[in-house]
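S.K.: With the hints as extra help, turn the sequences into a complete structure.
2 protein chains.
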Amino acid sequence: MSGRYSLGLDFGTNSVRALLVDVANGDEVATAVFEYPSGEGGLLLDRRDPNLARQNPADYVLGLTAVTRAVLEGIDAGQVVGVGVDTTGSSPLPVDARGAPLALDPRWKDDSAAQCWLWKDHTSHAEAAEITAKAAEQGRPYLGKCGGTYSSEWFWSKVLHCARTAPDVFEAAYSWVECCDWVVGHLTGTLEPSRMARSVCAAGHKAMYSRTWGGLPSKEFLATLDPRLADLRDRLYDHAVSSDHTAGAITYEVAAATGLAAGTPVAVGAFDAHFGAVASGARPGVLVKIMGTSTCDCMVHPLDNALPDIPGLCGIVEGSILPGCYGLEAGQSAVGDLFNWVTQLTGRTHQELSREAEALRPGESGLLALDWNNGNRTVLVDPLLTGLLVGQTLHTTAAEIYRAYIEATAFGALTIIRRLEEYGVAVKEVVNCGGIADKSPLVMQIYADVCNRPMKISRSGQTCALGSAIFGAVVGGVYRSAEDAQSAMVGFKDRVYLPDPAAAGIYAELFRLYSELHDAFGTGHGDASLGNVMKELIRIRERVRA
Amino acid sequence: MSGRYSLGLDFGTNSVRALLVDVANGDEVATAVFEYPSGEGGLLLDRRDPNLARQNPADYVLGLTAVTRAVLEGIDAGQVVGVGVDTTGSSPLPVDARGAPLALDPRWKDDSAAQCWLWKDHTSHAEAAEITAKAAEQGRPYLGKCGGTYSSEWFWSKVLHCARTAPDVFEAAYSWVECCDWVVGHLTGTLEPSRMARSVCAAGHKAMYSRTWGGLPSKEFLATLDPRLADLRDRLYDHAVSSDHTAGAITYEVAAATGLAAGTPVAVGAFDAHFGAVASGARPGVLVKIMGTSTCDCMVHPLDNALPDIPGLCGIVEGSILPGCYGLEAGQSAVGDLFNWVTQLTGRTHQELSREAEALRPGESGLLALDWNNGNRTVLVDPLLTGLLVGQTLHTTAAEIYRAYIEATAFGALTIIRRLEEYGVAVKEVVNCGGIADKSPLVMQIYADVCNRPMKISRSGQTCALGSAIFGAVVGGVYRSAEDAQSAMVGFKDRVYLPDPAAAGIYAELFRLYSELHDAFGTGHGDASLGNVMKELIRIRERVRA
Chain A
92 MSGRYSLGLD FGTNSVRALL VDVANGDEVA TAVFEYPSGE GGLLLDRRDP NLARQNPADY
152 VLGLTAVTRA VLEGIDAGQV VGVGVDTTGS SPLPVDARGA PLALDPRWKD DSAAQCWLWK
212 DHTSHAEAAE ITAKAAEQGR PYLGKCGGTY SSEWFWSKVL HCARTAPDVF EAAYSWVECC
272 DWVVGHLTGT LEPSRMARSV CAAGHKAMYS RTWGGLPSKE FLATLDPRLA DLRDRLYDHA
332 VSSDHTAGAI TYEVAAATGL AAGTPVAVGA FDAHFGAVAS GARPGVLVKI MGTSTCDCMV
392 HPLDNALPDI PGLCGIVEGS ILPGCYGLEA GQSAVGDLFN WVTQLTGRTH QELSREAEAL
452 RPGESGLLAL DWNNGNRTVL VDPLLTGLLV GQTLHTTAAE IYRAYIEATA FGALTIIRRL
512 EEYGVAVKEV VNCGGIADKS PLVMQIYADV CNRPMKISRS GQTCALGSAI FGAVVGGVYR
572 SAEDAQSAMV GFKDRVYLPD PAAAGIYAEL FRLYSELHDA FGTGHGDASL GNVMKELIRI
632 RERVRA
Chain B
92 MSGRYSLGLD FGTNSVRALL VDVANGDEVA TAVFEYPSGE GGLLLDRRDP NLARQNPADY
152 VLGLTAVTRA VLEGIDAGQV VGVGVDTTGS SPLPVDARGA PLALDPRWKD DSAAQCWLWK
212 DHTSHAEAAE ITAKAAEQGR PYLGKCGGTY SSEWFWSKVL HCARTAPDVF EAAYSWVECC
272 DWVVGHLTGT LEPSRMARSV CAAGHKAMYS RTWGGLPSKE FLATLDPRLA DLRDRLYDHA
332 VSSDHTAGAI TYEVAAATGL AAGTPVAVGA FDAHFGAVAS GARPGVLVKI MGTSTCDCMV
392 HPLDNALPDI PGLCGIVEGS ILPGCYGLEA GQSAVGDLFN WVTQLTGRTH QELSREAEAL
452 RPGESGLLAL DWNNGNRTVL VDPLLTGLLV GQTLHTTAAE IYRAYIEATA FGALTIIRRL
512 EEYGVAVKEV VNCGGIADKS PLVMQIYADV CNRPMKISRS GQTCALGSAI FGAVVGGVYR
572 SAEDAQSAMV GFKDRVYLPD PAAAGIYAEL FRLYSELHDA FGTGHGDASL GNVMKELIRI
632 RERVRA
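Residue numbers (our numbering), protein chains in the order written: chain A, 92 to 637; chain B, 92 to 637.
Hints were generated in silico from the structure; no laboratory data involved.
Glycine residues also receive a C-beta, built at the ideal position from the N, C-alpha and C atoms.
There's no promise every hint is true.
Claimed, not checked - Derived lysine to aspartate or glutamate pairs resembling EDC-like cross-links, with alpha carbons at most 20 Å apart:
#1 Lys626/B <-> Asp113/A
#2 Lys626/A <-> Glu221/B
#3 Lys626/A <-> Asp610/B
#4 Lys626/A <-> Glu607/B
Unchecked claim - Which chain A residues stay away from chain B? Per the calculated CB distances, all over 12 Å, these:
#5 Arg160
#6 Glu449
#7 Ala599
M.R.: As structure tokens, this is what we get:
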């Protein structure tokens, strides 16, 4: 042990985690988790509106204090060289002129619009569609870097929805801040909106921020959405930076509460998945898949290597993952959630279904599914898509369906890889992290076979927090760059899932059929005749069974 | 009570049933069921070949003796005016020159090819395809009356498959007899093939028999399939008749065994579903749906009213249901079987799922299914089709899926009605019988709403056996015609399911989408763009939920 540590703080959907890491080698020295006490598992919900999902910012402060205290037990705070922070996003919250959340003000604390608008809040889908339509019809460049379609999960949709549906909250708010920036501002005492460091990851991927058009979208454009948004722009920011920048230092107040040393440097924040990618060895040519209930796919691409806009990709942002590279984000809206849904539907456990599904050969069930039960994030960028299962007989079993949905998510993953490569981003290696990558050899082998590429697994089971710690080590001066920190602190599991050529051959045939369904149902531009689909599935099934 | 009875004998897939009926009013006086002792639930199966399904003819004799004895208890045999017989079909069995089943000969009793080839035996799918292809390429008219496609469930496919795969059995057989003819031959001592009465229902629907081309297909045609089939034609029959004809009278041997009076007249046999249709009030304009694991749809059409060939209908046969009318047969390959499959998949009971599904409004699940888990019998006539479910979200429940499959079978039913009407057969009334019609108000209401027509339910819970009894009464001289017997002996339940106009409106929209999927996946001639399907389902769902 080097005796020098970095602290990573990872604010998730239901809890916050602290990870204390040895900066010399990435060894994970201590970890602690705090479940958010508010609402249901940390989520403020509304029975009348399934699209609503908020968080109470008070939980962040309670949580970071608890987990930091816990991991520092027995550690000299002076050994902690730096702190990194990642959160979910886009999760903006309304704040007053000093940067204090409206939600902490007794006047607003019970108003759901005054809370943090969690990434998965979809109340603003109409506003998202309006932003997409107006940007397109005005010929604005803003959507070029986010796949051509603005999302209800993102900053401006949410703020506009607040302005329209909760104008009192909107009026009371001086400004709006991404959760990852707010936490860093709180740790460093720089909450005043004009002084607060802003994450280029959050700004670029979710708020249409780009250097190429001078920061956030123009006031003229925002005014066409709502004049109040144009006014708000003056109280936002002009610059956002990558996480190798120091946002500030731990304040005396935070030091007293958490046990950290005052003055410890804190890195600019970012989104959890992006830091997870860094901690999984993101570098040009490497696709990192963060696999959980949904999946986030991250890649980086050298800034000096021209990159076109890539349709359907939900972000291409300078410095959002690694400084000095474009950060590319894609994703699948339901992966683990889809497998959970099959268990709920069938009343069976993952263990049972996995054991039975493992005994099946590719193609032998005759089933094929589209993995769109929660819409399609990449490459169709369409939340109004749904699931599809074809090929059922009267003998189709729950395990066959479970496997078909695993395969469907793998076909979705391959569709993303194909899109990246089609636009000049070569995928030379795939690294997986997150709960599913850790726990399911079945899923990982299917991904290797479907994508016909080896699947590596990140060594760490908590890559997002590790990514935060990596940037803590960078701002702590241990490494000159995130890449240097990665070289020392990142590792992989010994087991690499290698594609089986026979399985890959079958899956190549099934992927062709998947693509037919994908285009027919997803774009309406498919080849009209789907009369071959059931027949070919049966032909493959009979061949495999013979 | 009139003191005059008719006996209906109904030979099913797993058991034989006797029903003793008061000829004056159709009252069901006594019933008895005998489960076939051979094999698994009466089926002789082969673990290596899931397509194989045979029956042991010895079970028929054992069974008819037991059930007849049981229902005659306390009855004077002289009060029984006649006997009718229905069986499954096409279920042919090989017999020797005296009409004795090879399966009862010690030399052949363990050979599966020597047994009765049950309707659901699909071992001969290659032969069926060959018959279809050769009839078409030679420009033969034979398929015009059976929808254009010959089936592996039918007579010639099975006999040809036996000739090719069990030539010793084929050589040992003098001839082949449909089960319904064999049972009647046994009862009346007319088993010698040249003397045996032949059912026009079996001959016309399954053996390409028609007066318009002089009976069975020509020797020339059969020789192109196999010269041995051409030879066999000489040992089959030239005439087949409807069930208002007397096939013969109960023999002394059968009388002694069963308790019936020797000399009691026996009607020419027919298939179970066709007699079920008669007992449900089949007459021109009335569609009778016999709803069980699969569904058989029957109609009649006046002989003097010109009728074109109807593509996809699996039979148009003179006199097969009511003498003096064309009998039209259509069907759905899986109905109750599909609902059973959902219960197996989800581990839930019909009762639970029905209760939850009943609380759902049409369209609110956003789901749509194709009911093809066992292929499509009418109108696509394609066993190589499979099931499809679209519209799933992460919140989709088992009850929603259960309801979606009920709706899918109703859309399939409506597709058949549309096809009939398109070719000039008006469907003015729908009568349902069978287990599902009796037991599931949920299914019946959905059918009423989807088809936008009232759904009547047959009074009898055992319509096939009642149909046999109706023909027993006709040959017993109580009535001059089947129609007269129907007037006296057929009734309906008081409860008629009436369509709800609001539900019918939603279902009209969903049926349009069902038809798009039906054509795209079933024919390959669909409108190419299915990009609207998921969107429209969501739009309907949101409207219904609002």
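S.K.: Evaluate each hint against the coordinates.
M.R.: Hint by hint, here is what the structure shows:
1. Lys626/B <-> Asp113/A: violated, 51 Å
2. Lys626/A <-> Glu221/B: holds, 18 Å
3. Lys626/A <-> Asp610/B: The given pair, whose Cα atoms are some 14 Å apart, holds under the 20 Å limit.
4. Lys626/A <-> Glu607/B: Answer holds: Lys626/A to Glu607/B is near 18 Å, not above 20 Å.
5. Arg160: Answer for Arg160/A: holds, closest chain B Cβ roughly 37 Å.
6. Glu449: holds, 19 Å
7. Ala599: Non-interface label on Ala599/A holds, nearest chain B Cβ at 21 Å vs cutoff 12 Å.
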